[in-house]
Amino acid sequence: MKMVDPDVMVRRDDDRQSQRAASQGVKMSARDVKVFYGDNEAIKGIDLDIMENEVIAFIGPSGCGKSTFLRTLNRMNDTIENCRIEGKVTLDGEDIYDPSLDVVLLRAKVGMVFQKPNPFPKSIYDNIAYGPRLHGLAKRKYDLDEIVESSLRKAGLWEEVKDRLDRPGTGLSGGQQQRLCIARAIAVSPEVILMDEPCSALDPIATAKIEELIDELTESYTIAIVTHSMQQAARVSHRTAYFHLGELVEVNDTETVFTNPEHELTEAYITGRFG
Amino acid sequence: MSSTMDSAADKRDQIQSRVASSLRRRHAKERRFRMFGLAAVMIGLAFVAVLFVSIFSRGLPAFWQSSMTLDVYFNPEILDVGPAPVRQQDESPRDFEQRQQSWRTRLTMANWNKVMQDALIAAKPELEEHRRSLRKLFTNGEKYRLRDMVAEDPSLIGQTHSVKLLADAEVDVWVRGNIDRSLPDSRLQLSPEVRRIADQLHDEGILKVAFSTVLFTNPDSRSSPASAGLAGAFMGSLFMMMVVICLAVPVGVASAIYLEEFAPQNKFVDLIEVNINNLAAVPSIVFGLLGASIFINYLRLPLSAPLVGGLVLSLMTLPTVIITTRSALKAVPPSIRQAALALGASRVQTVFQQVLPLAVPGILTGSIIGIAQALGETAPLLLIGMNAFVANIPATPFEQSTALPVQIYLWQGNEMRNFFEARTSAAIIVLVLLMITLNALAIWLRKKFETRW
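Residue numbers (our numbering), protein chains in the order written: chain A, 1 to 275; chain B, 1 to 453.
To be clear, the hints were calculated from the coordinates, so they are not data collected in a lab. We put the CB at the ideal spot given by N, CA and C, even for glycine. Careful: at least some of the hints might be erroneous.
Computed from the model, here is a short list of chain B residues facing chain A with C-beta under 10 Å [as the list claims (entries may be wrong)]: (1) 81; (2) 340; (3) 349.
Let the sequences and hints guide you as you build the complete structure.
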């Protein structure tokens, strides 16, 4: 168990963040995080805290590094060849890039939902059960059934699929597939859920359902969501972080960001002058 | 104002007519291209049709052969070899074996031709005066078959049994008209007398052209061409196929999985990749040389053995299996890998639980096509002695053997053209059917695993 150096926190954190941190507790924190793809520096030193049970939205123009940053939070960047990460990311004060830390454990705690729904070409049941089986969360079939049901219920999909759990997950509609992926992520009881543009491939009705779901999930999970839709960020998030060319320009309460942005780049982006 | 509008309208008309004329050209081009494509397909199909018609029309007759079903009397006077030796109590195993050996030798030395001649004369007594010519009617292998019957069951001596005796290959060729009957005597193998008797027997229905399983049950034969079969070559090919399946498939799939999913991306791995692709393009005869020098000269493995053939073919098939397996793995969408990794699956779990099951149809198809390729390969086998004449059916992969394509090669070079042309085509039919079966299996497996979802 490694603790975050308190000096670093005080020195780097801005006032508002530390206030929230004090009131709500920091779930994850990034300190001077840099990501390189080969020689190309995709993220240029980001400091950010993610609070417990909040929804934080990452917005910014394409290529600004918001997805890359999201993926540093559960080390999905590790899977990319010649990607190098500097800086420190902690989860509950524990360094997630510590060589002694098991990345499997980290990903069980920090789940992820991707841009395109990616259910396994297996039954709905097996899709949900895959994670719990991996981690040995259910000892008996009955327990597993229960996990599957509760995950599907939390994802608001149970009523729609309860009669066809043995049917392929790939046979569902796009929105249902994405909720299936969310249910799959929930099934391993993560603490944080990362969502990488989860609605960009969905129609407005399916999008609305996912947004509703995010709202409900925030009671038990911390959620970081990357989105291209500013309306979505405004609707679902408590705080919004604006990224620009690999740098974190501004992070604030969502309302503040959208009504009274501190930085002119943020203002330019949210008023649609570029993006 | 109106003039500019006019000119704009003019210009639009002009553009439209230009588009229309170019459209005609484009359509004509498309039609031409479709015609070319269709013609190419037609030509290809025509070649395949010609090939199949020619092979089947030549090869199918080989499954029918001239034979005589006669009542053979195992005459004790001719087969005067005494009773089969029985082991005495005080006899050493060696002595017993020796006695058995000498009994067998006497049995072999018996005048089997006379047994067969008598059988034919019994069916048609007026042939007695041509006794000497009758032995020419039977193929040489039949006397050994009769001998083996007795060796297996000595109580046959003194009994009469109905046996289907194969006619000599030359007789078969003559009777079925596979030779120009107007040729002068000096250019025919059979004497006029034998030819006349053969025709007579054929007319009377004693000598019949009937379906024969010889091709499937016998190994190759030179002294008795009529009883030459494919069984030895077939078994040899089967053993080689087994070696390839046991060796090339697992090694190839494993190395493909490692290269595709686990290997770091660096110069060394790139070099390996390039060389695997190069290996796939190496002429197969080079693999034969490699096999001869490594497996036979260095490792001292037996010459002409299906084991060595299988090893050489495995080397040859390996690149194919690796390349097809890699492309099957590449075809699995990366999103599946990410989904599994994000749930906390390790690399190995991701590959074996999610990626590999999706790649199985592709891997199977690739492997089976690789095996089929190996099955049809001839050149490398010539270099490791598998073109030797082998007159028995191998029981293990270590025994001398030949292979189906090599058998085709050997038969097609046989000097008895009239007879072996049909045999060659028949062997091709067997090989082609085997290939078609394998490819059908590949398609079936692919469909089966794909339609699951």
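Hints that the structure is at odds with (numbers, increasing): Failing hint: just 1.
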